[in-house]
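2 protein chains.
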Amino acid sequence: MNIREEVRRMKQDAPFAASSKEEVRNRALLLAVASLTEHAEEIFAANHEDLAAAKENQISEAIIKRLKFDEGKLADVVRGIEQLTSLPDPIHRVTLRRELDEGLLLQRETCPIGVIGVIFEARPDALVQISSLSIKSGNCAVLKGGKETVNTNRVLFRLIRDSVIEAGLPEHMLLQAEQHNEIDELLECDDCVDLLIPRGSNAFVRYIMDHTKIPVMGHADGICHIYVDKDADFAKAIPIIVDAKIQYTAACNAVETLLVHRDIAAEFLPALARALRESGVTIRGTAEVTDLIGGETVEETEFREYLDLIVSVKLVGGVQEAIAHINRFGSHHTDSIITENSGTAEEFMNMVDSAGVYQNCSTRFADGFRYGFGAEVGISTGKIHARGPVGLDGLVTYKYKLYGHGQIVGDYASGKSSFHFKDL
Amino acid sequence: MNIREEVRRMKQDAPFAASSKEEVRNRALLLAVASLTEHAEEIFAANHEDLAAAKENQISEAIIKRLKFDEGKLADVVRGIEQLTSLPDPIHRVTLRRELDEGLLLQRETCPIGVIGVIFEARPDALVQISSLSIKSGNCAVLKGGKETVNTNRVLFRLIRDSVIEAGLPEHMLLQAEQHNEIDELLECDDCVDLLIPRGSNAFVRYIMDHTKIPVMGHADGICHIYVDKDADFAKAIPIIVDAKIQYTAACNAVETLLVHRDIAAEFLPALARALRESGVTIRGTAEVTDLIGGETVEETEFREYLDLIVSVKLVGGVQEAIAHINRFGSHHTDSIITENSGTAEEFMNMVDSAGVYQNCSTRFADGFRYGFGAEVGISTGKIHARGPVGLDGLVTYKYKLYGHGQIVGDYASGKSSFHFKDL
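Sequence order for the protein chains is W and S.
Quick note on my numbering: the first sequence kicks off at 1 and runs consecutively.
Quick note on my numbering: the second sequence kicks off at 1 and runs consecutively.
Just chain W, with the same shape it has in the complex:
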C-alpha cells in the first residue's frame, strides 16, 4: 500500500466527511453495531489466532489479557458506540454568533480537524473506540494498531469501514495501516495529515514528536504527584495513594511521586509505608524520608516514572514548595492534593500547571470514560488545544463563518460604516 497516495485521497474526501449530516454519521455507527454483533464469531476466531500467536511468542499474561477480545469486550464496545450515537453532534455547533454590523453576521462553528493519524497499542477495543470517535466527529482517520492483534483488527476494521460506506460517508474516510514502516511514511505526509495521536511508550511518543512536522497530540511522560498537606485526612490519603499506585501500575495516570508536608511526616509516613509495603510497593525517598521509614535513599533528581510497584517520596515545607516541585519535575499530566483546607486546595489547583489538578481523590480518574466522555483517543498534556483526556471535543476545531451583503472594509476604514458588535 502506498500510504502517501491513500492519504491524499483521504484529504480529498475530508471536506465531504466534514459537511456530512449527523444522521449519516450516527447511521454508520449503528450499522457498525449491527455488523459487529452479527459477525461476532468471525471476530472471536480471528482473536483466537492472535492469542495463539502471542502464546507461541511467550508474551506475558498481563499483555495477553489486553489482546483478548471476547463476548464481554464486544458488549463493552457496542455499549460505547451506542452511547456515542446518543451524544449531541460535536460539529456544526455554533460557539459564537455576533452581528458585526447590520447584515454582517459572524459565526464561529465547530468542524472536524480533518485527517488524523492514530498509532495505538495492541488492544482491539481501542481500534473500535478510535474509529467510532472519528466517525462521530466527521474526521478521516488512519489507524495503526499494535501488530499482536493484527488478525482481530483486520476483521474489526473491515466491518466498521463497510458500515461507513454503506451509510453514505466517503470511501476514503478510514484507512488501516498494518506495517510498521508505514508509520514513517505517514510522518512525512504533513501536507495531508492535520494531527497525529501516538499512544504507547515514552520513547515511541518522543520518536514521533521528533520526526514529523505534523502537530502531535498526546504525552510522553506521566509523572503524576500526590501532595499530602498538613490538613490532610489520613483516612482518605492512604487508600487514595494505594489506589493511585497499584490499581493499574502501567498506566500514565498512576502516581509516581509523593510529597508530604514536613509537619505531619512523623505521624503519617509510618502508616503510609505500612500500607504501601502491604501492597508490594517499594519506597525510594530523600534522606529525611528514609530516616523515618527506611527504603532506598535517593536525591529528588533521581525520581522517575516507574510504571511499576515503586514510588518516590519527599518532604516539603508547604503547598508552595509542593507546587514548585511539581511544576519543575512533573509532566503536567495529573496531580492531586490531599487536604481538608479548601483555600490550600484552590491555591494548589490554580498554580499547578497540569491538565488535571485534583483534590482528595486518586490520579487514576484521569480517563475519558471516567470524565463521562464516552471514550478517549488519548490524553494530552499540550496546552495548544486539547488538554487531558481527549474525547469528541478534542477532535473538533472551529472556523469563522461571516455572512455579508456586499460589505467592504474600505467603508469601515473610512468611517462611512461602523461596527456595532452585538452578540446574538
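Check the hints yourself; a few may be wrong.
One copy or any two copies: either way a pair holds, since identical chains are not told apart in the list.
[As the list claims (entries may be wrong)] Under the rule of at most 27 Å between Cα atoms (straight-line distance), these lysine-lysine pairs were calculated in the DSS-like manner: (1) K73 / K416; (2) K147 / K68; (3) K236 / K65; (4) K416 / K65; (5) K236 / K21; (6) K65 / K55; (7) K147 / K73; (8) K73 / K213; (9) K236 / K416; (10) K55 / K416; (11) K21 / K230; (12) K68 / K416; (13) K213 / K147.
Hints listed in this document are in silico derivations from the structure and should not be mistaken for laboratory results.
Starting from the known structure of chain W, arrange chain S on it as the hints suggest.
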C-alpha cells in the same frame, strides 16, 4: 541580558500570574492607561528619534507611517486597553461542570497558556496591544518588536511593566527583548516557553517554525481566494474584490486569487478587469481568462501570494471545483464566495478548510478588531487550538479540576461504586 535565565524566572512567576485575580489584572491595565497618558510627551520624543533614524536610513514612506506614534495612535491604544478592562475575565471561566458521582465534581476551567513569546513588526501600537492582551489573560510574555521602533518600544514597555508591578502582578511577568540574536536564544527555551507567536514575513515565520520545539501559532502564507459563483450579484462582487485587493495590499488577508464561474465569465470578466485596472491592479490569468480580458497568461501552479497590486484569475466549472482548488492551493486563511444562492454558500463554507469562510463580503474582514475581539495577537491557520484572529480566547487553555472526598478508582473498577455523570 541572558534570555534563558530571564525566561526561567518568568516560568516561576507564571503560576502567580495564572492565579491572579481579575481586579489586579484590570488595575494593571488602568494604571498603564494613566501612565501612558501622563508620559505622552516622553513617548512622542522617543518616537521622533525613531522617525528621524528611519528617514536617515531612507526607509519608505509607507513603512514610516507604521512607525509613527502620535496623539491619534495613543488615543487608539488607550481606547483599546479600556475596552479590554471591560471585557469579562477570560481565565477561571468554568466551561464544563459535571458531577461524576456523589461528592466527585469535575470542572473544566480556562487558564492562561503560561509563558508566550511574541515577535512582531516595528509598530509601537502592536507592543501595547500584545502586552495588554497578555496582562488581561494572565500570561507572562516575552516581547520582541521590530528594531526600527526600539526607542518608542523601550519607553512604552517601561511604562506598562511598571504598571504591572505597581498593581501587584509578578515582577517577571513581562520581558522585552531588543537584540535579534535573542530570538535564537528564545527558540531554545522549550522547557520554559509554552507558545511562540511570530508575526512578519513568510520566510521569517517559516524560520521560526523550523528552528524550535516550542509550539508556534500563526501563519506563513496568506493566499486568500474569492470565488464568484454563477449566482453572484455583480454589483456586490466588483466592489468586494477591489476592496479585498487594494484596501491594504500588504496584508495577509488581501485577496490573491479570483475563481470565476465559467458560465458568467464572458459577462463578468470585462467589467471586473475594468474596475481592477482603474485601481492599478495587474491581472495574471490562465489562458481562458487572458483570452477574454488580456493580461499575462500563467498556469494555476504559478499563482502566488503577491502582497502587491497583482491578482491571479482562473475559471471553474462550479463550486466543487472552486472548493477543490482552494483546499489544494490556498493557505487555509480566509476565503470568500460571492453568491445569492444560500445552498451554494453553505456548501462552500462547510467544505472549504479555512479559518475564515465568508459569503458576500471582503476577505479583509479577517481581523481581531473587526471580529469584535478588541485586539489580536495574530491570525492563526493552525487547527490545534486557536484559528483565525487570536484574541483573548486564543491565549487561554483549560485544565480539569476534580474535587473528591476520598474516591478511589478501585471502587469503580470493582463495581462497588458507579458513575452517574450529571451535568450541572
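When the structure is checked against the list of hints, which entries are broken? Sort them ascending. Hints 3, 5, 8 and 10 not satisfied by this model.
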